Amino acid sequence: MRAGQTAVLILLVACLGLGALVLSCAGALPPVTPGLVAHAALRWPGIDASELHRGRRLYVDHCSGCHALALPQDRAPEAWTVVLKRMHERARLRPEQERLVLRYLESASAEAHASKP
Amino acid sequence: MIGRDGAPSRSTARNVTIGLTSAVFVATTLAAPAPLAANERHFTYTYESAVLPAGARELELWSTFRSGRTSFYSRLDQRAEFEVGLSDRLMTAFYLNWRDVATQDPATGDAVSSFQWDGISSEWKYKLSDPVADRLGAALYGEVSLGTRAFEIESKLILDKRVGSNLFAYNLVLDGEWERQPGGADLDEVGLEHNLAWTHFFQPRLAAGLEVRSHTAFTSQHRPEYSALFAGPVISYTGQSWWVALTALGQLPAIKRSVDQPNQRLVLDDHERVNVRVLFSYEW
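One line per chain: the protein sequences are P and F, in this order. Just so we're aligned, residue 190 is where the first sequence starts under this note's numbering, counting upward by one. Just so we're aligned, residue 17 is where the second sequence starts under this note's numbering, counting upward by one.
Okay, chain P solo, but in the shape it has when bound (with noise of 0.2 Å):
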């Protein structure tokens, strides 16, 4: 087998397996449940699932352009109001936007916290 067929089956190989790993995967931020709206309607009384999708269409849109989203269970909900004060302004987000994207934030933070051992 000459080298170059060798590197073509190497290659193939290395794709099929790396294929197979990305699409197992789901994508990694969390989606709006029943759930989620729960812990957020522990803090916002009233709050419903489409303020939330808002909320997460608004990150994925004005932050994921300059860097890979962090996942909300990274920090700490509290934690989320800190950087969103850092970020709002080079993300473009209005008052109101900032509200729904923290809103989210914080809620899918808290879930992730509370169902840890």
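Read the hints as simulated data drawn from the structure, not as lab findings. If you're wondering where the values come from, they're calculated on a predicted model, not measured in any experiment.
Simulated pairs of lysine to any residue, SDA-like, Cα-Cα distance not exceeding 25 Å:
hint, chain 1, residue 1, chain 2, residue 2
1, P, K274, F, A149
2, F, K272, F, H238
3, P, K274, F, R73
4, F, K272, F, T235
5, P, K274, P, A217
6, F, K272, P, A203
7, P, K305, F, S181
Guided by the hints, dock chain F onto chain P, whose structure is given.
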């Protein structure tokens, strides 16, 4: 690439390029009252699906050093890229391209260099999904380059995925180049590329990994001329208001040897032994 046969005069081309680049710098500075957002890249040959946020602008400088063909060959490709985010999913960019090439004069054996203006390019990128929020990040990319002697169209399918501290990316690239002739434009070459990349984040700002690139060239009769293979390390670092990425690719034995040089294990008539690319970007 465009303008393969050079510009009318080295000094004129150099002056035009410097003038245009300066104009872009000045215009960018004057037109940017708000701070810009940096669209981090972690690879230099492989694209990621991220697009600049709406209204954001960024300046990116490219340098690609290419060396080692059948005879002496040394080349530096330069690009200045001005990017603008048009919506949450769509961005565009404008490029100025030029190159400096040194080759061996077959008559005297001495090295001769030429400075070539390579024309302008327009890039459009549309993000379909996100590598963190969705199962797979994806984007569509199109680029048109225009020079005095030729024009080129390039399209890419971009896929990427963030898994923990690792980022994977794959690009499928199809490009066509037409050379202008007195009687019209002829399709000169069609290329197919596969770019595969992986990087690991040792800390949020510092990542290092591997890029692999294959390039297959087809003639206008759709016959493959060669299929070259490259691999090498990539490293990237993000500062407070800037980022830099560097890849050093070495050519591996060809998947398909060049039809013009069937005894060579490497494709050295149209590619080099070593390619080193640096991207540097900063916010205003």
